[in-house]
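Go ahead and model the full structure; you've got the sequences and the hints to work with.
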Amino acid sequence: MALGVLVPLKLEHVFDLRLSFGGELPLGPTSLAHDRVFHLVTGGTVSGPRLTGVVIPNSGSDAPCRSKDRTVIEGEWLIRAADDTVIRMTNAGYGPGAPMSAPWRADVPEFASASLHLSPKFEAPDGPHAWLNRTVFVGKGDRRRTDASIRIFAVM
Amino acid sequence: MDSQIDQHGDQAAPRLEFVFQIRIDLGERVIFGPLVRGGQQGFVAVKGGEITGPRLQGRVLPGTGGDYPYIWPDGTFEFDAHYLLEASDGTKMRLRNHGYRHGPKEVIDRLLAYEPVDPSGYYMRMTPSFEVPAGPHEWLGKTVFVGTGNRRPNHSIFRYWAVY
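Just so you know, the sequences run in chain order A and B. This note's numbering applies: residue 1 is where the first sequence begins, and numbers increase by one. This note's numbering applies: residue 1001 is where the second sequence begins, and numbers increase by one.
Calculated from the structure, these hints are not laboratory results. Possibly wrong hints are sitting among the right ones.
[Claimed, not checked] For lysine-lysine, the following DSS-like pairs were computed, each having C-alpha atoms within a straight-line distance of at most 27 Å:
1. B:Lys1092 / A:Lys10
2. A:Lys121 / B:Lys1105
3. A:Lys10 / B:Lys1105
Owing to the predicted nature of the structure, the values given are computational and were not obtained by experimental measurement.
Spelled out as structure tokens, the structure:
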């Protein structure tokens, strides 16, 4: 088998994302045995070697589904890059299981020990940021009740 | 063995742990278009295959799916595969694989002709996800994975790493 032609993967730091959340809107238990909660994304910052900008205020939501075995991360919002390009970011991934009543983590942790593992996608217009459309990304991060910190890497 | 890759320590990059590889036996590759939305639609059926590696062993269940890639107007392949796996203990699971392949046209043309290509000369990465029952394999449904692949005339080989 031609395994030799499968290169090992590298992770390249792209940017760090900080999100601010507004009020919590719980849906409560659903027919999928999840507790879903919505947080309006009220703003944020993007800083890093390959993308800088801001999160456009109130441009999306963070809507995790918590169950006892896992938390499924789902969210999307808009980034305005430093050159004014608007980029849609869709976030997905997993966190540890927890009941709805469980407290959010009190501190933004070291990324190495962060509890959220993420697989974000981007939609950017043609131009200097279009590489985001055709690249696989992973992320690690964590959240407090009112904000989150996520570090994004390109899989190269 | 590149089972664990650590780099960019100052950026606290996630640790990648090699978990398994899947050899997928493929049917005839089909591409049609141009589509109304632009680009082209591809399809290839999954005829079977084998899963080997430290964290999962088993087989690909024949006739349970395929890859339905969307080929962008610029030639980028966006993989969208789904099919069923059966672990060696009999557990069934659904794999969905999403990713991208692109590169210089001359490199991709040689790849499509199954000629030897330097794998660093083009981009082919994916991120699979799993629907899996509770039990010994449920970690697959709680873990982010990344992978790469090697395209051969009648099969493809994918290798996957867990992101920790």
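Tested hints:
no. : hint                 : in the structure
1   : B:Lys1092 / A:Lys10  : violated, 31 Å
2   : A:Lys121 / B:Lys1105 : holds, 25 Å
3   : A:Lys10 / B:Lys1105  : holds, 23 Å
Hint compliance for this structure: hint 1 alone is broken.
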